[in-house]
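Trainee: Here is how the chains run, residue by residue.
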Amino acid sequence: MSFSWARVAGIVQKELRDYRRNRFVILTMAVLPLVFIIVPVVELLLIKVSVSSSKFDTRIGLALLYMLVIPAIVPSVLAAYSVVGEREQGTLEPVLTTPIRREEFLVGKALAVLVPALGIAYVVFGIFLGIVALFADPAVASAVFKGSRLLVQLLFTPLLAGWSIWVGIAISARSVDVRAAQQLGMFASLPPLVVVALMSFNVISPSVPLALGLGAVLLALDGLGWRAVAAMFDRERLVTGGRD
Amino acid sequence: MPGRDGAATVTATRLDGPSTGPALLVEHLSKRFGTRTAFSDVSFQVGSGEVFGFLGPNGAGKTTMVRTLGTLLAPTSGSATVAGIPLTAENGPAIRSRISVMPESPGLYLRLTAAENLECFARLYRLADRQARIERALQAVNLTDRANDLCRSLSKGLRQRVALARALLSDPSVLFLDEPTSGLDPVATREVHELIGALKDRGVTIFLTTHRLEEAERLCDRVAILNTTMRLVGRPDELRAQLFKRSLEVRLRAELASPASVFVGLPGVERWEASASGSYLLTVSDPDAAAPQVARALVHAGADILSIAEPRHSLEDVYLELVDEDVEAKRR
Numbered sequence: 001m002s003f004s005w006a007r008v009a010g011i012v013q014k015e016l017r018d019y020r021r022n023r024f025v026i027l028t029m030a031v032l033p034l035v036f037i038i039v040p041v042v043e044l045l046l047i048k049v050s051v052s053s054s055k056f057d058t059r060i061g062l063a064l065l066y067m068l069v070i071p072a073i074v075p076s077v078l079a080a081y082s083v084v085g086e087r088e089q090g091t092l093e094p095v096l097t098t099p100i101r102r103e104e105f106l107v108g109k110a111l112a113v114l115v116p117a118l119g120i121a122y123v124v125f126g127i128f129l130g131i132v133a134l135f136a137d138p139a140v141a142s143a144v145f146k147g148s149r150l151l152v153q154l155l156f157t158p159l160l161a162g163w164s165i166w167v168g169i170a171i172s173a174r175s176v177d178v179r180a181a182q183q184l185g186m187f188a189s190l191p192p193l194v195v196v197a198l199m200s201f202n203v204i205s206p207s208v209p210l211a212l213g214l215g216a217v218l219l220a221l222d223g224l225g226w227r228a229v230a231a232m233f234d235r236e237r238l239v240t241g242g243r244d
Numbered sequence: 245m246p247g248r249d250g251a252a253t254v255t256a257t258r259l260d261g262p263s264t265g266p267a268l269l270v271e272h273l274s275k276r277f278g279t280r281t282a283f284s285d286v287s288f289q290v291g292s293g294e295v296f297g298f299l300g301p302n303g304a305g306k307t308t309m310v311r312t313l314g315t316l317l318a319p320t321s322g323s324a325t326v327a328g329i330p331l332t333a334e335n336g337p338a339i340r341s342r343i344s345v346m347p348e349s350p351g352l353y354l355r356l357t358a359a360e361n362l363e364c365f366a367r368l369y370r371l372a373d374r375q376a377r378i379e380r381a382l383q384a385v386n387l388t389d390r391a392n393d394l395c396r397s398l399s400k401g402l403r404q405r406v407a408l409a410r411a412l413l414s415d416p417s418v419l420f421l422d423e424p425t426s427g428l429d430p431v432a433t434r435e436v437h438e439l440i441g442a443l444k445d446r447g448v449t450i451f452l453t454t455h456r457l458e459e460a461e462r463l464c465d466r467v468a469i470l471n472t473t474m475r476l477v478g479r480p481d482e483l484r485a486q487l488f489k490r491s492l493e494v495r496l497r498a499e500l501a502s503p504a505s506v507f508v509g510l511p512g513v514e515r516w517e518a519s520a521s522g523s524y525l526l527t528v529s530d531p532d533a534a535a536p537q538v539a540r541a542l543v544h545a546g547a548d549i550l551s552i553a554e555p556r557h558s559l560e561d562v563y564l565e566l567v568d569e570d571v572e573a574k575r576r
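Going down the list, the sequences are from chains A and B.
Just so we're aligned, residue 1 is where the first sequence starts under this note's numbering, counting upward by one.
Just so we're aligned, residue 245 is where the second sequence starts under this note's numbering, counting upward by one.
Nothing false has been slipped in among the hints.
Once the Cα atoms are required to be at most 20 Å apart in a straight line, the calculated SDA-like pairs of lysine to any residue come out as:
hint	chain 1	residue 1	chain 2	residue 2
1	B	Lys400	A	Gly90
2	B	Lys400	B	Ser426
3	A	Lys55	A	Leu198
4	B	Lys489	B	Phe507
5	B	Lys400	B	Glu438
6	B	Lys400	A	Gln89
No lab work stands behind these hints: they were computed from the structure.
Given the sequences, and given the hints that come with them, work out the whole structure.
Mentor: Put into structure tokens, the structure is as follows:
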């Protein structure tokens, strides 16, 4: 039996239906982005162009970094719930007794988190850019709309989300408690942000080649993450709760 | 809306046709978790279309057996063939495509409707004609009118029926039911029994684990009693015959003055004992042949006979006898 996208679609559809009716998921998807858009917008609207160039860059970088926290944190919370949550509800065992392969199950779970997370991250970033274009000082807007900064945002949003999802699912597959998994998932999703932060604050001079290079590294980590999660997805352990 | 009788509404047909070999063939199968043995050296086979009951006390290894045959757990040793496919890790997806497992807990997505739950599983089985299958499965469990209700709004009994519909969706060659009536009230239990009976009539091979002995006696063609190791396998009447000697229970209005003079030497009566005032238990080789002779001897002795009957041992008696033996063996 080969990899089936139909089975992946089955998991994605089920997850999205479940999300829509899950108050916790709705709150996570609504409140976190709201928090992470208010702070940077206020920050940018209050910037005075008279500050020193390095302070100016730092504040712009900080504001943009907030935008990248969304694709890092939102999916990690959902992904960390994905396996251990099903196990807690007793819904995992019936799924694992179907012909679904672990790769199909994991890709389905990951896509179901990735799609809304990316949608939210890009929509929020679009709103952020709109506000900056309309209401911020032209110098601030010009700094925000700089090509390399936009590239960092657009490129790193899916890559960070991918990292967070695999880390979250990995933690979820090895956890016995939903809350602990979500807290761990959130922390584990942050390290790649450090690199992005260094670029945003101009500690590492941001450039298109550097952004592409780091993007490639993150992409490779996402690929490795998928393989690592597939390897640690053990039906027996998941069903028996690690009794061995 | 279909009637309440599930038997009348199970209309789905098997897609894969009758199988020639046994539906399940288990040979010397063992499963250990570290130093703990879940079950050891278990062998049995289940014929195609048979309802096979798997009984045993808590911790006997019943659910572990279902999970092992359902490819969720890897056996420690031994071999098995499930739905005609050897039980190996590589064959997991192929086996799972031909079986259905209904775990003890229904495991439904409570924020999804009954139909949405089934749709998800229809996709996982890659079923063609999904909507028709879903409708047929819901019809089979008399739930068409609740198809669009969220599962969290359904009672425990209705959730169990949705889980059964989910298990029927793929028209499995072998259906594993793990304690399907656990925690249900008598009405819901009866409904599930009727559904299982209808599946039996349809020729579905069912592997049923249960604590309820009357359930096993009513529904199963054969039963196995497991207590880590396999204790007995057979038809309920065979098990009774294996464990209990045949006997006649005699009840009289008054005690006999000299029972030995009545019972000793009677053809077919091997031994006798007084069980209560005016009651005697006779061990006999053939109750049908011995009963008239016993009656004649009692009448000849002037006794007033209230009844002469062969005591019927239930499956529960068989089960308790075996489990008590195990408890005694552990004490020793």
